[in-house]
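Visitor: One-letter residues, chain by chain:
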Amino acid sequence: MDVIVQRSGGLAGLRLTWQVEVDAQPDRDDWVLLLDELPWHEVPAAPPEPDRYVYRISCPPNEVELAERQLTGPWQQLVERVRQTASPQRGGAPRRPGR
Amino acid sequence: MPEIVPPYLLDRIAESAGPRFPLAAEAARRALLRPPSPRLGPGPLPEQPSALPDAPSAPVRRISDAEGLEKLPGRLVRREGEPATGDEAVDEAYNGLGDTHRLFERVFGRDSIDGAGMPLEATVHFGDRYDNAFWDGERMVFGDGDGEVFQGFTGSLSVIGHELAHGVTEHTARLRYEGQSGALNEHVSDAFGALVEQYALGQDAEAANWLIGEGIFTPEVEGRALRSMLEPGTAYDDDVLGRDPQPGHFRDYVETSDDHGGVHLNSGIPNRAFALAARELGGFAWEHVGRIWYDALVSGRLREDETFAGFAAETLRTAGERFGAESRERQAVLRGWQAVGVEPEAGDDAGADRPAPRSAE
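Taken in sequence, the protein lines are chains G and W.
Just so we're aligned, residue 1 is where the first sequence starts under UniProt numbering, counting upward by one.
Just so we're aligned, residue 1 is where the second sequence starts under UniProt numbering, counting upward by one.
Hints listed in this document are in silico derivations from the structure and should not be mistaken for laboratory results.
Don't take each hint at face value.
[Stated by the list, open to error] Derived coverage of chain G by chain W (criterion: at least 3 residues anywhere in the stretch with Cβ under 8 angstroms from a Cβ of chain W; other residues may be distant):
| hint | region |
| --- | --- |
| 1 | 5 to 19 |
| 2 | 40 to 52 |
| 3 | 82 to 95 |
[To be verified] Some chain G residues flagged as far from chain W (calculated, every beta-carbon gap over 12 angstroms):
| hint | residue |
| --- | --- |
| 4 | Met1 |
| 5 | Ala24 |
| 6 | Gly73 |
| 7 | Gln77 |
Here the structure is a predicted model, which means the values were calculated and not measured.
Even glycine gets a Cβ: it sits at the ideal position worked out from N, Cα and C.
Build out the structure end to end from the sequences listed, making use of the hints.
Guide: Shown next, in the form of structure tokens:
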């Protein structure tokens, strides 16, 4: 089970991706608990704010897109944890729509 | 009378020559109050005066310090008229907002973001090594950068102008921040960001570098800036960052679900059209393409979900209205769009199905 956090946008329009292989983590059970508790299906649409980041968080089959302003509570916890665990990958081809 | 001394210089003299050269300062102030010479060609738009207002207004700036937290607005540290604080980010933001206000007010007759003297609010030192600057609907917010790739965002006047211009767009054309209209929103911010820098430095279109965000990368990064308006895709090429991915031609438009449909990528296409037109005309870009783009932005004719083709058509219309249908200004704008593969939307005057003009704000 992988969790992937992708941050796009910002003034510079640079994309960063962090990926964590949950099963390989020494604290795997904590990760699973955190992932299970996330409100994957309760993310309201947010009005876009110029130059702010957009986060796409996925843990198949779940995936959400969050505005930076929506990155609070358990989502913020998850992203902080992912960033502490994995090094970011930069760039890559822009994600095609509808995938 | 033709303006030999450019307005930015008059500004500087009027503001700083006071104690030592009182006569020069007074003369500069009087020159600034004079309406510009009637050189703008036929049919100036009545609701968007190119003449300077009788009483030039001053900005009302308020700079706050988030002190490393991601909380807004932060602690108010410098109000209008207060002396420099010694904090570089605070003072750069204060000065940059002044330069931006000056361009909009002196050149386009627009007093602040809303055209009605709205205070200019900024917060600096936002977050911990925060790698971004943005407009949140009320204020400009600037991070300090991580120190490895970015070294802060207030050091670039084009970035400060870019953020403030997002506010102007929000109060005028309201271009929806998604897809083509989102890329146009980004483009408008880059265009006016570049003009703020050129106006402050007194650069003509030839001398200008047409870069957005020069100086915000650390010296370790192989790159000149975030974006090049003239040559999209060439701003940086770095081991860590990769290569500047901006397209400069409509055939290379990037369809993506990242970043609201690649708004920071596809802005390269209209950016190049704007810079090419400015360079073809020569002289000060704010006097021709800047004027044409500003007229389009406030015309009330742009759709919120505007396409590149529709936006191009509207710039042709405002170029014709301000400078004449056969003018070299309109020709240059047309050639700019053609060079990037954007065919202006057909129609007598930019489309019969357009909304009726709203009253200018």
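Visitor: All the hints need checking, so say for each whether the structure fits it.
Guide: The hints, checked one at a time:
Restraint check on the region 5 to 19 of chain G versus chain W: 9 residues with Cβ-Cβ distances below 8 angstroms, three needed, restraint holds. With a threshold of 8 angstroms between beta carbons, the proposed coverage of the region 40 to 52 of chain G by chain W holds, since 5 of its residues qualify and at least three are required. Judged by the Cβ-Cβ criterion of 8 angstroms, the region 82 to 95 of chain G is covered by chain W as claimed, because 4 of its residues qualify and three suffice. Every Cβ of chain W is farther than 12 angstroms from the Cβ of G:Met1; the closest lies at roughly 23 angstroms, confirming the non-interface assignment.
G:Ala24, annotated as away from the interface, keeps every beta carbon of chain W farther than 12 angstroms; the closest lies near 26 angstroms. G:Gly73, annotated as away from the interface, keeps every beta carbon of chain W farther than 12 angstroms; the closest lies near 14 angstroms. Interface exclusion of G:Gln77 from chain W stands, the closest Cβ pair being 15 angstroms apart, more than 12 angstroms.
Checked against the numbered hints given earlier, this structure breaks none of them.
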